[in-house]
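Number of protein chains: 2
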Amino acid sequence: MASGEFDLIARYFRGLGACRDDVLLGVGDDAALVLPAPGEAVVLCVDTLVADVHFPLDAPAASVGHKVLAVNLSDLAAMGAQPAWALLSLTLPETNDAWLAEFARGFSALACDAGVALVGGDLTRGALCATVQVGGTVPPEQALRRDGARVGDAVYVTGTLGDAASGLALWQGGEPRRDADAVLIERLHRPTPRVNFGTALRGIATAAIDISDGLAADLGHILQASNVGASLDVDAVPQSAALQARFPAEQRLRWALAGGDDYELCVIAPPEQEAALEAAAQAENLRLTRIGVIEREPGLRLQRADGSVVTLERSGWQHF
Amino acid sequence: MASGEFDLIARYFRGLGACRDDVLLGVGDDAALVLPAPGEAVVLCVDTLVADVHFPLDAPAASVGHKVLAVNLSDLAAMGAQPAWALLSLTLPETNDAWLAEFARGFSALACDAGVALVGGDLTRGALCATVQVGGTVPPEQALRRDGARVGDAVYVTGTLGDAASGLALWQGGEPRRDADAVLIERLHRPTPRVNFGTALRGIATAAIDISDGLAADLGHILQASNVGASLDVDAVPQSAALQARFPAEQRLRWALAGGDDYELCVIAPPEQEAALEAAAQAENLRLTRIGVIEREPGLRLQRADGSVVTLERSGWQHF
Numbered sequence: 001m002a003s004g005e006f007d008l009i010a011r012y013f014r015g016l017g018a019c020r021d022d023v024l025l026g027v028g029d030d031a032a033l034v035l036p037a038p039g040e041a042v043v044l045c046v047d048t049l050v051a052d053v054h055f056p057l058d059a060p061a062a063s064v065g066h067k068v069l070a071v072n073l074s075d076l077a078a079m080g081a082q083p084a085w086a087l088l089s090l091t092l093p094e095t096n097d098a099w100l101a102e103f104a105r106g107f108s109a110l111a112c113d114a115g116v117a118l119v120g121g122d123l124t125r126g127a128l129c130a131t132v133q134v135g136g137t138v139p140p141e142q143a144l145r146r147d148g149a150r151v152g153d154a155v156y157v158t159g160t161l162g163d164a165a166s167g168l169a170l171w172q173g174g175e176p177r178r179d180a181d182a183v184l185i186e187r188l189h190r191p192t193p194r195v196n197f198g199t200a201l202r203g204i205a206t207a208a209i210d211i212s213d214g215l216a217a218d219l220g221h222i223l224q225a226s227n228v229g230a231s232l233d234v235d236a237v238p239q240s241a242a243l244q245a246r247f248p249a250e251q252r253l254r255w256a257l258a259g260g261d262d263y264e265l266c267v268i269a270p271p272e273q274e275a276a277l278e279a280a281a282q283a284e285n286l287r288l289t290r291i292g293v294i295e296r297e298p299g300l301r302l303q304r305a306d307g308s309v310v311t312l313e314r315s316g317w318q319h320f
Numbered sequence: 001m002a003s004g005e006f007d008l009i010a011r012y013f014r015g016l017g018a019c020r021d022d023v024l025l026g027v028g029d030d031a032a033l034v035l036p037a038p039g040e041a042v043v044l045c046v047d048t049l050v051a052d053v054h055f056p057l058d059a060p061a062a063s064v065g066h067k068v069l070a071v072n073l074s075d076l077a078a079m080g081a082q083p084a085w086a087l088l089s090l091t092l093p094e095t096n097d098a099w100l101a102e103f104a105r106g107f108s109a110l111a112c113d114a115g116v117a118l119v120g121g122d123l124t125r126g127a128l129c130a131t132v133q134v135g136g137t138v139p140p141e142q143a144l145r146r147d148g149a150r151v152g153d154a155v156y157v158t159g160t161l162g163d164a165a166s167g168l169a170l171w172q173g174g175e176p177r178r179d180a181d182a183v184l185i186e187r188l189h190r191p192t193p194r195v196n197f198g199t200a201l202r203g204i205a206t207a208a209i210d211i212s213d214g215l216a217a218d219l220g221h222i223l224q225a226s227n228v229g230a231s232l233d234v235d236a237v238p239q240s241a242a243l244q245a246r247f248p249a250e251q252r253l254r255w256a257l258a259g260g261d262d263y264e265l266c267v268i269a270p271p272e273q274e275a276a277l278e279a280a281a282q283a284e285n286l287r288l289t290r291i292g293v294i295e296r297e298p299g300l301r302l303q304r305a306d307g308s309v310v311t312l313e314r315s316g317w318q319h320f
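Chains A and B supply the protein sequences, listed in that same order.
The opening position of the first sequence corresponds to residue 1 in my numbering, with each subsequent residue numbered one higher.
The opening position of the second sequence corresponds to residue 1 in my numbering, with each subsequent residue numbered one higher.
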């Protein structure tokens, strides 16, 4: 009675990821049943990655499996939520067992790491594209929203920015690849969602967002939602040693401010919370850099250490 | 700061569907926050509709918006769950305001009807395809699972079967269209998820599934999960007057048994629950037909009233 879809789902997706006590019914029925802890809000988000738009068609399948989950976990991290359950909808032009097995391997490794159970999904024929919906939990009053930034708060970012955009340029073969490029390409294909740091921000940060479209664009969402502005010291925006060794300063700065796809967190917090933030970052072995301040005047001001102003042609990734 | 995606989401998708008190944060942050009632299980499912695979590329946009939500609500109905929240991921080859407005209109009308709030989404560039994830709630012990069918239970279906498959044949223009064809094409484009009947089945039915791939295939999933078999009286499988007036008997029977896309429910219940089932169906003005019985011997036996046996070339829609 089983048609191709059900065989494939059974083979590659049943039992993927972590085992969780709160999953009453997982893959294999009309829908999944999960039981959130009483009083916790359920946090839900969805992201689609389309081949040739969000990832190169020739990206390793395991990386695609990793990345489509990672970008969603990054959204939960930006809410301070603990990830729990995922649903996967995968559209493939044809059955390809080797690709599916690798995709599932990449997805599962990150799901296990993050304590996420795959509880449902859908496998259809069409242009290559993967949609993941994740659910997590957070005490409702501790969720990190975009509208909580206050004048005088400091602006922080985790990790380094611009790596993924440089990795895309390298992958697309703008120039011959060197051995040291692997680390930048890895940042493109296998971003690390800052899940544990996100939950550690509860009660400390006033707002947070993950950097998917580019620092300027994503911080812009916080500013708009919070009805404030900000000044950034763009020379403080952290860049990796690999990026610095490989590309000219002007190019690096553009990528760091507007490249996107890094999936670091941009965190807003009152100055008196800096020690607590630093401790949370250190516990995760995560670099945390103060790059600016929230101000009353609307808009985002990008200043160099010498006082000159930077303008961007585009603040981030344009979806259309 | 806003790029095209955010403008479009704000214009077409913010505040879509029902207003719900349990939505703490909807469209417009990194993720949505919802607060399920204490003790309720959260029911989650996802379904993707791909243009030219699951709906004709020239299907009306409002119908696509309706259908991608309907197929998911149908899955919740088959679990006995009350729908609550939806996330939408829409992939479009290009921005098309007229299409988006119509899509949103079709989606919203059904969402309002079903009491569902759109709480999040994603809009990306790619081949036309829509993925919806819905969440609902059900007391965990009352969820209708596929594995609950018991020997001696009766097999029921709601509504009529085969209409959507005939509607597809008509839409694809196998033959010149007549006025009366509209009702069959409507059944293809705008299926009615049996949401209220689904929740009414709590405590009455032992198992349920929605008929998306075809009666034989979908009932087959219940038989497999419940480790039982069934005999169906195929002449009892209900067919609409419109279908009967339009197509020859052999063709109709094939569509009713294996056509799929009707989104009626196949319900398994003990014979002593028949009066309760009938009352629930009448309350919804819904046709309910007993078509068979669950048996110990594995497999699905399709018999005509004259005792002859029907064999199907394919039991349902093949996804690959």
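No lab work stands behind these hints: they were computed from the structure.
Since the model is a prediction, treat every value here as computed from it, not as a measurement.
Beta carbons are placed, not taken as given, at the ideal position from N, Cα and C, and that holds for glycine.
Hints may be right or wrong, so weigh each one.
[As the list claims (entries may be wrong)] Selected chain A positions facing chain B (in silico; Cβ < 10 angstroms):
(1) Glu5
(2) Thr48
(3) Leu87
[What the hints assert, rightly or not] Pairwise CB distance ranges, derived in the manner of DEER restraints:
(4) Gly15(A) <-> Ala249(B): 41 to 47 angstroms
(5) Cys112(B) <-> Arg178(A): 55 to 61 angstroms
(6) Thr95(B) <-> Leu57(A): 20 to 26 angstroms
Hints, verified against the model:
Residue-level restraint check for glutamate 5(A) holds (minimum Cβ-Cβ distance to chain B is 4 angstroms; threshold 10 angstroms). Taken as an interface hint, threonine 48(A) checks out: its beta carbon lies about 4 angstroms from the nearest beta carbon of chain B, inside 10 angstroms. Evaluation of the leucine 87(A) hint against chain B yields a held restraint, the C-beta minimum of about 4 angstroms falling below 10 angstroms. Hint check: glycine 15(A) to alanine 249(B), Cβ distance near 44 angstroms, so the stated range 41 to 47 angstroms holds.
One distance hint, 55 to 61 angstroms for the beta-carbon pair cysteine 112(B) and arginine 178(A), holds here, with the actual separation near 57 angstroms. A hinted range of 20 to 26 angstroms for the beta carbons of threonine 95(B) and leucine 57(A) is consistent with their spacing of about 23 angstroms.
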